[in-house]
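Student: Heads up: the sequence shown is residues 3 to 299, going by the numbering used here.
No lab work stands behind these hints, which were simulated from the structure alone. From a predicted model like this one, the values you see are computed outputs, not experimental measurements. Just so it is clear, CB atoms sit at the ideal spot from N, CA and C, and this is done for glycine as well. Be careful, since some hints might not be right.
Derived DSS-like pairs (lysine-lysine); straight-line CA-CA distance at most 27 Å [unchecked claim]:
| hint | residue 1 | residue 2 |
| --- | --- | --- |
| 1 | K87 | K31 |
| 2 | K87 | K148 |
| 3 | K139 | K31 |
| 4 | K139 | K197 |
| 5 | K207 | K197 |
Computed spacing ranges between beta-carbons, pair by pair [what the hints assert, rightly or not]:
| hint | residue 1 | residue 2 | range |
| --- | --- | --- | --- |
| 6 | R39 | N146 | 53 to 61 Å |
| 7 | A210 | N60 | 14 to 22 Å |
| 8 | R192 | R52 | 34 to 42 Å |
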Amino acid sequence: MTNASFAADVTPPTGPTPSSPTPAPASAKEEAVDTVRFLALLAIAVLIFRSFFLSPFNIPSESMQPRLLIGDYLLVNKMAYGYSKYSLPLSAPLIPGRIFARTPERGDVVVFKAPPVNDNDYIKRVIGLPGDSVQVKDGIVWLNGKPLQREAMPDFVIPVTQNMIDASRATGTLPCYSPEFEEVAADGQRQCRYKQFRETLPSGKSYAILDITTIAEDNTSLVVVPEGHLFLMGDNRDRSADSRFPAMENQGIGLVPEENLVGHALVGMFSTDGSASWLNPISWFTAARWERVGDGF
């Protein structure tokens, strides 16, 4: 065979090459199915993330002043103390008991389901652990037979904001608890002024508290915290329905089972004074308290 004939044998045929068939466009029905599938998977992913990792929580009352204000939004670490049914949306009974359990440390700020209803989320500070004895005498917390150290701090001064006014209307109280604690600032704005103290635990952990007046719960009976329970208190000692009060709906929480823990307060992610209006987008920014974003616990 000559070179010319070999070249002719391997030369590709001339003419147009057949094209591949063009895929048919997805029908509207198929696109709708894909969209629904994506949204369902996204919802499941968000549900899992909020149930087991991080979840948002907002502050509706003054019970944790001065550390937390009405209108603060937090991220809660759901992994901190293990998981129970209260970790899940609607407290779905899918987790028996409590798994990966860890007891909080004194001074931790925790989110939990409040007895006796075990429905609404509350936030308080851990004061007593299982086996601890706790008693309040003349407003001073005694832990295991010794008073917690308390030092006076400069007064806590806070402007009266719209969300404070809204909360006071809902509860039939005053924004500053009593007229004696309200004053007018130099710029003419209403503000509250409270006595503030630094309380220190035996571990050395300290935090600011408010103790502005005298209430019946400034003196309590001695309580020994049973196994599997916690003694919790709000930092605003005169406006907190906490473990000093018996577990009754809208009155107190008593000793809280560790199983009721939802998570540990992690970081502030947003805060608003409540003055924003949906009809005024600019107010969404002016109402924000940006200085409170990023505060950790």
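Student: For each hint, tell me whether it holds in the structure or not.
Tutor: A quick look at each hint next to the structure:
1. Using a Cα cut-off of 27 Å, the hinted pair K87 and K31 is violated, with the two alpha carbons roughly 38 Å apart.
2. Taking the CA atoms of K87 and K148, the gap is about 36 Å. The hint is violated against a cut of 27 Å.
3. Pair hint K139 plus K31 does not hold up; C-alpha atoms about 70 Å apart against a cutoff of 27 Å.
4. With a CA separation close to 18 Å, the supplied pair K139 and K197 stays within the 27 Å bound.
5. The straight-line distance between the Cα atoms of K207 and K197 is roughly 20 Å, inside the 27 Å bound, and the hint therefore holds.
6. The hinted window of 53 to 61 Å between R39 and N146 holds, with their beta carbons roughly 57 Å apart.
7. Our hint of 14 to 22 Å for A210 and N60 holds, since their Cβ atoms are close to 21 Å apart.
8. A hinted range of 34 to 42 Å for the beta carbons of R192 and R52 is consistent with their spacing of about 37 Å.
The earlier numbered hints that this structure contradicts are 1, 2, 3.
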